[in-house]
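Residue numbers (full-length UniProt numbering), protein chains in the order written: chain A, 1 to 117; chain B, 1 to 506.
In short, the hints are calculated from the structure, not lab data.
Being a predicted model, the structure only gives us computed values, none of them experimental.
Misleading hints may appear alongside valid ones.
In the SDA-like style, the derived pairs of lysine to any residue whose C-alpha atoms are separated by at most 20 angstroms in a straight line are [claimed, not checked]: (1) A/Lys100 x A/His58; (2) B/Lys180 x A/Asp87; (3) A/Lys46 x A/Cys90; (4) B/Lys369 x A/Asp87; (5) B/Lys202 x B/Gly466; (6) A/Lys86 x B/Arg184; (7) A/Lys30 x A/Ile45; (8) B/Lys183 x A/Leu82; (9) A/Lys46 x B/Val225; (10) A/Lys86 x A/Glu72; (11) A/Lys74 x B/Ile372; (12) B/Lys64 x B/Glu45; (13) B/Lys373 x A/Asp113; (14) B/Lys369 x A/Asp73; (15) B/Lys409 x B/Thr421; (16) A/Lys46 x B/Gly218; (17) A/Lys116 x A/Ala64; (18) A/Lys86 x B/His188; (19) B/Lys183 x A/Asp61; (20) B/Lys369 x A/Thr109; (21) B/Lys369 x A/Lys86; (22) B/Lys398 x B/Thr322; (23) A/Lys86 x B/Asn191; (24) A/Lys111 x B/Asp395; (25) B/Lys180 x A/Val60.
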Amino acid sequence: MKNFNIILGLVLLGLTSLSVQAVEIRDYHKEVIGKDCKACHDNGIKQFPSDQSCLQCHDVDELANKTARSEEDKWQNPHNNLHYGKDLPCQECHAEHKTKEPLCSNCHTFKYDKHKK
Amino acid sequence: MSNVDLLGRRKFIAGLGIAAGAAMVAPAMAVSEKADGVKWDKEVEIVIIGSGFAGLAAAIEATKHGAKDVHIFEKMSYFGGNSAINGGLFAAPGTPMQKKEGVEDSVDRMVNDQLLSGRGIADEALLRHVASHAVEALQMTLDAGAEYHPYLQQLGGHSVARTYQTSVSCGAGITQPLFKECKRIGVHTHNRSKFEGFLVGKNGEVVGVKMRTNYHFGEDQPGKVLNIRAKKGVIMATGGFAQNVNLRMAQDPTLTSEVGCTNAPGATGEGMFEMFRLGAVPVHLAHIQSGPWASPDEGGFGYVSNYAIFNFPHSIAVNRLTGKRFMNEIADRKIRADAELSCRDEKGNPYPPILISSYKDSKNHPNTKKVIKYNVGWKFDTVEDLAKHFNVPLDALKAQIEEYNGYVKSGKDVQFGKDMTLAKNKTIEAPFTVVRLWPKVHYCQGGVQINTKAEVKDSFTGKPIGGLYAAGEVCGGIHGISRLGSCSIPECMVMGMTAARSIMKA
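Kindly produce the complete structure, drawing on both the sequences and the hints.
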């Protein structure tokens with residue numbers, strides 16, 4: 001019974017820490033989103049944000065311009081890439097509650113120094 | 001937050017062991033049900049499952065034949081499936097470029113090359129059907145805006161040069177234009193949509209599908225399941241199962257999670273399972289092909305694969321222990337993959353062989369720059385530097401190069417019987433570019449049995465299952481034991497088009 005209580009306590013602690021989990025990776029998100037979960041979780045708190053969620057603030061064309069590369073490497077632009085153009089959902093490479101590798105790293109050794117894991 | 005990625009989804013190690021991810025992805029159980037009394041959430045004309053070459057070609061062809069309400073459902077968040085990350089190599093007989101280059105070819109010749117590699121168990125009728133319509137399929141890609149390198153390549157096992165390659169050296173050079181064309185002509189596309197089973201009518205015919213929405217691959221987030229009625233039929237274009245380690249090991253125990261894989265993470269085969277459950281005939285599931293052009297220095301298909309495919313005809317593959325060649329560099333894929341796997345160190349551990357090319361010839365492919373830049377291939381000014389870097393016996397290597405250069409001049413490879421046509425005047429000389437080779441699981445020759453109308457045969461009645469069509473890698477038996485390179489894209493495209501024509505009765 002004692003063990004059970006300890007486990008229950010741990011589970012509750014886990015739940016509590018989950019519930020206060022806010023933006024954790026990008027400081028600039030702290031300022032504009034803070035702990036307003038619904039700002040991103042437009043499908044309900046327990047669901048992943050929709051693929052349109054990030055686009056409330058971010059513009060794909062703008063991002064593609066920002067990360068554009070030289071003509072020779074133009075298709076390595078993560079926001080306008082060879083395999084999926086501009087259609088790759090943000091969440092494939094970005095997350096706010098855990099670390100993520102860029103999708104490209106499945107097959108390529110590209111370096112994206114500014115990518116926040 | 002810790003660094004632990006519980007799903008192991010992106011743990012693709014750029015080494016010999018790759019694709020731990022697939023082993024962790026346990027596909028949710030999909031089950032078919034009787035449609036009797038089902039409440040339909042949605043009613044559409046044609047359901048296409050999968051958005052690779054086959055699915056996209058089917059959607060375009062169906063629309064061309066008058067379909068007005070075509071829907072493509074894709075499990076992943078992105079469209080294109082495995083087709084978006086392969087070499088973009090397209091074989092066809094009697095093409096405009098062959099006429100320009102003076103290459104004599106025919107449907108018969110292409111089929112015969114494929115039958116040889118199929119080692120007696122390929123499906124000649126299907127091969128002939130695909131080869132006969134390959135030029136039409138090539139034209140569909142051109143019409144959609146696909147662009148190709150201005151030269152043909154001769155891939156392993158092909159008796160002539162008949163392979164086009166997209167100018168971006170990737171299947172995305174076809175899937176992107178086809179996807180845009182689908183959008184333009186009004187095909188409805190749905191990502192994050194997971195097929196969960198068929199809905200079956202009174203006579204065992206497929207009348208609809210169960211489709212999970214808002215699906216996040218590899219994550220535990222149950223989206224809502226919709227019952228979707230398909231008025232004209234369902235086309236399964238769900239691809240192979242090379243990323244399903246349990247299933248591929250059930251067929252071939254040597255294909256453990258340690259063996260790399262070129263496929264997209266979604267190639268796990270649930271659509272195929274569900275067709276088997278419905279009664280489809282399983283064919284050749286144990287014939288799973290590894291690509292002999294892959295590199296242990298990067299994940300998946302990467303950059304080296306296309307580099308190697310282009311360079312094999314005028315390069316030598318050398319065992320680093322002996323400094324000698326060990327295979328015909330343009331034999332079919334199985335012969336080469338088996339030969340590479342036999343390159344081992346004294347303890348029997350993998351000792352990846354090297355492909356040595358002359359820079360003067362290798363530089364003609366755009367990937368050469370990339371492999372050097374991204375440190376998955378290396379350039380050497382002298383044979384001494386090369387031998388030292390890879391610890392190859394120098395004298396043996398020098399002797400091998402000299403011997404091979406003799407074959408280039410005589411046009412006859414006494415060592416391994418390589419067709420030296422494309423090696424003409426291309427002696428091996430410094431500076432060199434070199435990559436390491438080690439096979440990766442690439443293609444499933446097995447799948448469901450279909451006929452030349454892309455109908456799926458029922459194992460009990462021997463007749464086609466009503467309302468059900470399949471196209472692409474999910475189908476089995478077409479290629480037999482070993483598929484020739486660049487023969488999958490024409491097959492996917494032609495059978496996708498064929499499924500659409502059958503469904504539209506065109």
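### Message
Hints numbered earlier in the text: which of these fail when held up against the supplied structure?
### Response
Structure breaks hints 4, 21, 24.
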